[in-house]
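Engineer: Spelled out from the first residue to the last, the chains are:
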Amino acid sequence: MARLTEIEWEKFEELPLEAKRPYLERSVGDSMPYHTLFAQQFDRPLLDRLVALSNRIRFIAKSREGSLFLKSFLSHKRAMLYFSQPSSRTFLSHLAACQILGLTTGSVRDAATSSEFKGESREDSIRTFSSYFDMIIMRSPEQGLAEKMAWELSNSDRPIPILNAGSGKDQHPTQALLDIYTLVRSFETKGGLDGRTVTFCGDLLRGRTVRSLSYLLTNFKDVKQIFVAPKELQVPEDVTAILAEKGVPFEITDDLRAATRVSDAIYMTRIQDEWDSAKGESAKIDTSRFKFGAEELACLGPDGIIMHPLPRRDEIATCCDRDPRAMYWRQMRNGMWIRTALIAATFGLEKDILNCGY
Amino acid sequence: MARLTEIEWEKFEELPLEAKRPYLERSVGDSMPYHTLFAQQFDRPLLDRLVALSNRIRFIAKSREGSLFLKSFLSHKRAMLYFSQPSSRTFLSHLAACQILGLTTGSVRDAATSSEFKGESREDSIRTFSSYFDMIIMRSPEQGLAEKMAWELSNSDRPIPILNAGSGKDQHPTQALLDIYTLVRSFETKGGLDGRTVTFCGDLLRGRTVRSLSYLLTNFKDVKQIFVAPKELQVPEDVTAILAEKGVPFEITDDLRAATRVSDAIYMTRIQDEWDSAKGESAKIDTSRFKFGAEELACLGPDGIIMHPLPRRDEIATCCDRDPRAMYWRQMRNGMWIRTALIAATFGLEKDILNCGY
Amino acid sequence: MARLTEIEWEKFEELPLEAKRPYLERSVGDSMPYHTLFAQQFDRPLLDRLVALSNRIRFIAKSREGSLFLKSFLSHKRAMLYFSQPSSRTFLSHLAACQILGLTTGSVRDAATSSEFKGESREDSIRTFSSYFDMIIMRSPEQGLAEKMAWELSNSDRPIPILNAGSGKDQHPTQALLDIYTLVRSFETKGGLDGRTVTFCGDLLRGRTVRSLSYLLTNFKDVKQIFVAPKELQVPEDVTAILAEKGVPFEITDDLRAATRVSDAIYMTRIQDEWDSAKGESAKIDTSRFKFGAEELACLGPDGIIMHPLPRRDEIATCCDRDPRAMYWRQMRNGMWIRTALIAATFGLEKDILNCGY
Chain A
0 MARLTEIEWE KFEELPLEAK RPYLERSVGD SMPYHTLFAQ QFDRPLLDRL
50 VALSNRIRFI AKSREGSLFL KSFLSHKRAM LYFSQPSSRT FLSHLAACQI
100 LGLTTGSVRD AATSSEFKGE SREDSIRTFS SYFDMIIMRS PEQGLAEKMA
150 WELSNSDRPI PILNAGSGKD QHPTQALLDI YTLVRSFETK GGLDGRTVTF
200 CGDLLRGRTV RSLSYLLTNF KDVKQIFVAP KELQVPEDVT AILAEKGVPF
250 EITDDLRAAT RVSDAIYMTR IQDEWDSAKG ESAKIDTSRF KFGAEELACL
300 GPDGIIMHPL PRRDEIATCC DRDPRAMYWR QMRNGMWIRT ALIAATFGLE
350 KDILNCGY
Chain B
0 MARLTEIEWE KFEELPLEAK RPYLERSVGD SMPYHTLFAQ QFDRPLLDRL
50 VALSNRIRFI AKSREGSLFL KSFLSHKRAM LYFSQPSSRT FLSHLAACQI
100 LGLTTGSVRD AATSSEFKGE SREDSIRTFS SYFDMIIMRS PEQGLAEKMA
150 WELSNSDRPI PILNAGSGKD QHPTQALLDI YTLVRSFETK GGLDGRTVTF
200 CGDLLRGRTV RSLSYLLTNF KDVKQIFVAP KELQVPEDVT AILAEKGVPF
250 EITDDLRAAT RVSDAIYMTR IQDEWDSAKG ESAKIDTSRF KFGAEELACL
300 GPDGIIMHPL PRRDEIATCC DRDPRAMYWR QMRNGMWIRT ALIAATFGLE
350 KDILNCGY
Chain C
0 MARLTEIEWE KFEELPLEAK RPYLERSVGD SMPYHTLFAQ QFDRPLLDRL
50 VALSNRIRFI AKSREGSLFL KSFLSHKRAM LYFSQPSSRT FLSHLAACQI
100 LGLTTGSVRD AATSSEFKGE SREDSIRTFS SYFDMIIMRS PEQGLAEKMA
150 WELSNSDRPI PILNAGSGKD QHPTQALLDI YTLVRSFETK GGLDGRTVTF
200 CGDLLRGRTV RSLSYLLTNF KDVKQIFVAP KELQVPEDVT AILAEKGVPF
250 EITDDLRAAT RVSDAIYMTR IQDEWDSAKG ESAKIDTSRF KFGAEELACL
300 GPDGIIMHPL PRRDEIATCC DRDPRAMYWR QMRNGMWIRT ALIAATFGLE
350 KDILNCGY
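Protein chains in written order, with numbering that gives the first Met the number 0: chain A, 0 to 357; chain B, 0 to 357; chain C, 0 to 357.
Simulated from the structure, these hints should not be mistaken for laboratory data. Note that the structure is a prediction, hence the values are computed from the model and not measured. Check before you lean on any hint, since a few could be wrong.
The list cannot tell twin chains apart, which means a pair is met if one copy fits it or any two copies do.
Said to hold, decoys possible - Below, in silico cross-link-like pairs of lysine-lysine (DSS-like), each with a Cα-Cα straight-line distance of 30 Å or less:
(1) Lys189 with Lys223
(2) Lys10 with Lys283
(3) Lys220 with Lys230
(4) Lys10 with Lys147
(5) Lys61 with Lys76
If we strip away everything but chain A, and leave its shape as in the complex, we get (with noise of 0.2 Å):
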């Protein structure tokens, strides 16, 4: 169990996050987390566990027999989904994630819906739930709310995981997971993912899914990263700063084309206007030449990928929908199977599955 009952919060709160780490594992031995808050939690050994659990689970959910195998590991067990920022997308994955597996969930998803309005804390609404429930999944506006519920809970009599499905502008980890994964799948037969050229575009100051994806790539060899942004928006220096300091290869630029014609895959974002701190903000910024559509698409070698965390606005155009390299449907479906794996190595099944008979 996570050694969480060994540290005060306040110490706790102020530790970097490498240090932060082991505290959330699931026990000395096992690095996989039982708290999942942050993408530092992951190395390249457990992202290579992930993967291949992911796979797994993936192939036998092909068939009825399997699919029935699978929801029998965690049918005595309930999820809680605490939603009180909407997002339908992240919320629906996790669920059918939970499905897969056969735990029963519930749900809060409006927080107007929730007893908050009679005043009470969030951290003690959470805590509340978790007498109802054997792990909580939740998003919240709130930087930090996850970190602190997951030492709440560890501290309490009633200790049950915490999966931090976004809080904030600082995290959301399964995204970057489901966004390895994708890359790994895509370039599986073609040799892997090292020795890559990646290209983020878009919006890259407030992105927190360029943030977490970037440093998640220091853990494989060679993968070179480019920046594609208009200057206001490009990515900040805290996270070429970690490149630098690991002697990862990048590049700042304003030339989508030129970066797509180097790179094996493009990953566009959407200008994440509800950050603005004034109203309108965003849309005072030329964004014209940050957009991906049929001249983009020639320029991309025919191993090239697309990928896109979704929702989309207008920067990939929708010409693109159906060429093979378009990958970004692909890649919400490749977060169930994660978010799959990922719950289920929570709950210290990575071996029963992995040495199952299917």
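Since the structure of chain A is provided, determine the placement of chains B and C on it from the hints.
Structural biologist: Okay, now just chains B and C, sitting in the frame of chain A:
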């Protein structure tokens, strides 16, 4: 599989309903729908098959053992209920139908909690959701959206069936099916539905149920239709044109009691003032003579039945509620059964259920 | 079956609670409720039976095998949660109770997504929903609605049980049951609940939990009740009149610390300002002396317990949260267990569970 892959959207969209039908079938050789989009997909042989399947499912579900047997059929599948137009009744009825067959479900019941606020198109939303599920049951204020999604999904690399649970002003096919099922069941031991007289009363202009049911009734032999409404809300000409073309006898009147005296079934509807073009428009119409109360009940024969798609306001007085001829509560439950049958048939289970040991 | 079929609504409605009770029982010879509407349905023998059943269920659920065994009991049934008054806590607790017994569920959690906006009466809505489900768990701001629906459904051709999860200002019977269960469990190995002193503190005027729990405690021997509140929010006379009539000793005071020194259990409640007749009315009352903090904790004996129905604001300082005498988190979980027991008993499973091999 539906051959929607062989026709472009623009061409498909412009086909008349009758011509669209074969594109939506499960397979060559099985005329049962894969996508259920409009009432015109159902002819007499299909209606008879669905009625038989509903009856069988209803019988099997009577015992605990039978219920568990039914639940085993689709417990490896997941259905998505996408209701961007609020409707508890239709939602819960479809939900129950899924649950009877063991389908686990996810839902979006409110566009506000969805990521549409981030500027995503509905097509993208629904296609994403399809990643996680094996069927989509959808209700939308947007006319034609279900049809568009059926085409989109059939042309994606992950085709799954669409069940239209109400779209715009035009179609609500399962409502028409449940009405037919109620009529057939009510006259089952009394010589059948052929040769009967069915009276529609209320807002015949804007209720999509009247339109669909009137059409489906033409599949039965010698069923006369009487339309009772204030002249501003009388049945539109395109509906009666179809009757005239098919040689179906019909009558237009404003005398509910006279109609009741010669009818086997009275189908009451409420004023659909949510479609008013000007606020309060409907309130100006005198609807006092288009309500069913104690005096109308006295006009109805002993084998006659009263139906209503619900919700009702005051079109039927509550004093009728316990009369054995009041069929509107049972009508609701019939909806659950015929939707169960339709979903089972969509997944190709018709024969398995009919031939099972129960 | 409840003999609600033998009495007219108008007559039933006017009966005193005690006289209503037999109409709501499962059957002649089994006093367990079929419809659970108010706390007054539970006498000492019934409370003892529910406590025993809860304990047994809690024990069985400890193992995976036991959990799956419990889930098998009602996996052929469906429950509807109709919550037109928002409450995540009560909702999730009942949901979990259903899931423990294998019931599949559907829910309406917000009147706005229901078809009530189309002018339907609540009675019609609930009766319709009953078509699809085998039980209704309902919470409503409307006093008496649960009672009306119980009568309506028992008099329909599809009677199903109603479980009142809170109606208006008056009744919230399962809250009172979980409070009793918590008290009984807390003193189980310490000589029992008889002869103890229970102190209520806070808004004793408007909290329906205080009213119900005070009543249920009269079923136990020699339990003294102390009421600590600002005079504007003191316990109403009809509550103390019952105590006086039954010869139960009680005391009215405004000194929480003195009361704590002589009490075995402190039941804190929050100011229910949502019932204020004028906005801000409650804010004018000085409640500073009716909060439980470090100093009050020091007054409490080593076997004493602190309870709270939650949500709390600042009535209990968070510094008390980890004291082993703080029982409010466990109280929540007890709610899930006793609701599971009640639902099981409603469906006639009491003996099956007590006599099973676990």
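Engineer: Any of the earlier hints contradicted here, and which numbers?
Structural biologist: Checked against the structure, the only hint that fails is number 2, while the rest are satisfied.
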